[in-house]
Amino acid sequence: MNWILLFEQFLNGFQLGILLFLLAAGLTLVFGIMDLINLAHGSLYMMGAYFMATFVGWTDSFMLAALLTLPACLLLGVVVEVVTLRRLYDRDHLDQVLATFGLILFFDEFVRLIWGPAGLDVPLPDFLETSFEILPGVPYPTYRLAIILTGLLIALFLYILVTKTRIGMRIRAGASNREMIGALGINIQMLFTLVFGLGAVLAGFAGLMAAPIFTVEIGMGANILILAFVVIVIGGIGSIRGAFIASLVVGIIDTIGRSFLPDLLDLFLDEVAASTAAPAISSMMTYILMAVILTFRPQGLFPPRGA
Amino acid sequence: MTLSLRTIVPAAVLVLLGLVPVIAGAIDEPFYIDLFSRMLILAIGASSLNLLLGYGGMVSFGHAVYLGIGAYVVGIFSFHSVEDGIEWMASGYVQIPAALIASAVFGLIIGAISLRTRGVYFIMITLAFAQMVYFLGVGIEYYGADDGLTLYGRSEFGDWLDLNESSTLYYVCFVALLLTLFVSYKLINSRFGIAIRSIKSNERRTRAIGIPSYRYRLTCFVIAATICGFAGALLANRTDFVSPDMMHWTRSGDLIIMVVLGGMGTLFGPLLGTVGFLLVEEILSSYTEYWQLFFGPLLILIVIFGKGGIDGLIQALANLVERKPKAAAQSRDGA
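Line by line, the protein sequences give chains A and B. According to our numbering, the stretch in the first sequence is residues 1 to 307, in order. According to our numbering, the stretch in the second sequence is residues 1001 to 1335, in order.
Calculated directly from the structure, the hints in this document are not laboratory data. All residues carry an ideal CB built from backbone N, CA and C; glycine is no exception. A couple of the hints might just be wrong.
What the hints assert, rightly or not - Footprint (simulated), chain A over chain B, 3 or more residues, beta carbon under 8 angstroms:
1. 1112-1119
2. 1131-1142
3. 1249-1260
4. 1290-1300
As the list claims (entries may be wrong) - Going by beta-carbon spacing under 8 angstroms, a handful of chain B positions derived as facing chain A:
5. Val-1059
6. Phe-1061
7. Met-1124
8. Ile-1125
9. Leu-1127
10. Ala-1128
11. Val-1183
12. Val-1303
13. Ile-1304
To be verified - To give an idea of the chain A side of the interface with chain B (calculated C-beta under 8 angstroms), a few residues:
14. Ile-37
15. Ala-99
16. Val-230
17. Met-290
Between the sequences and the hints, there should be enough to build the whole structure, so can you do that?
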């Protein structure tokens, strides 16, 4: 086995895990606090990527476009929350699934109308399109490294925000007892909008960082959203720590599985069978992992307290 | 019991559906047979999902998987019957039972794991399993992967039943739908059905009176999967084609929409919902290519304002009709 390749794939998996974490953190916060399943979270990710593509076209600057994309995502998130989701907090999960499914249909079609059915590419600026020698003789793309570092910083920021600040205290209080903090005179509606906006910014951020690596296309949100669901189910719904760990595990297993499973299967099966089975099995691996974990821990690895 | 509007409307819809081939023949628009046979098949799928959603309180977000499995069994059997010359595999008498068994087995495995979880976990895990089977379909090059598999021929039932005749296929679907409705009716009013409904309204109490809820729910899950697999086998015959797209997660979403749109937990709700959904799709998409731009918000409005779906609407109408004479009488008395 090629150790350098393994290490590179490990980093790639780590980087996918970081993107997943940005999505999963928003999902799990929104679920933990508002008790809302938001299928349209993937649409916010997609919109982040499309905003990014547009702003890069306008400003011709990657950083400036990124700075424009984040407030745009915040605004979009707040609008979505105020217009539709606010009405769904006290509904059952089925209603929430349906309504946010409606949002997905809307956003997908909206994107098709505005940007057209073809995918877009976001070019990287020169200073990020280099590679960095992480180990002697092992270059790794700077941009991917930047994603990993930014993601880790955001995770740290979230950790401090949730555990050390007043807002974070309210968020945690909201997660454990909504009525109570309302009774204590906290404006819950404001808090909910804020949390949703935060989730939208995180999703948009994941989208804008993913834009140069993946093609910006319709439906890009749905695929990663389902992976993010797997992540929060494995991690325990409502737990940011669980989301962080599960994101990295899923990202790494998925990436390494895809690149090494064919070789691994070659050891046991003949070449034809291995090359047929490998793509099918590797795309199923994360789901198998989830099934195994849920069989032993139906509440995920870090079940929320009080649940 | 007098005939209520809630019985008359579905009965009328069924009669109209039964007449579709005749009408389509009369106005020389065979296209309609195709459109409506899809409606019948999806109504079977939606009815099976209703057993879970409406009666069992199990929000499965991966029900389209069984459509895909049923369809793939037919597709794969047809493939081998020609490619490997195994004649018996072309027979519908083999294909249909195989499709039922395959979807029951998948239902058993997926259900056994998923039903250990509750609430949102259940929604997401059924979704994830569906996605897993979807990727399995996408991954298997041998059976066409992404591009799917074109059927070499429809299921063969001998000379008396030729599915290549589009109106014959249509009536097969129609009878299958009637059968599904009948089985659902029998099921939900049986002891088993009462137990399932009781688990939905209060699982702890149901367990306390000695009903093993897990086993009951799992049985219900497998039954629903099997019926949906049957619909899938019909769907493969109707489209002459199977592809992973049939079990894409948005298809599962569509099935949920049909059930909720028609009225969850009512016998005819899924049928009405399917008819409504496909008609709205057909009408909106004839006006604009971007029909989902309108359908999405419409769905949100239905969720927020429309409780009880079409069935609830009919009920409200019926109440209005019944109350009117009374109201009139009252106002006369008052005057």
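Fill in: Hint numbers contradicted by this structure
Failing hint: just 11.
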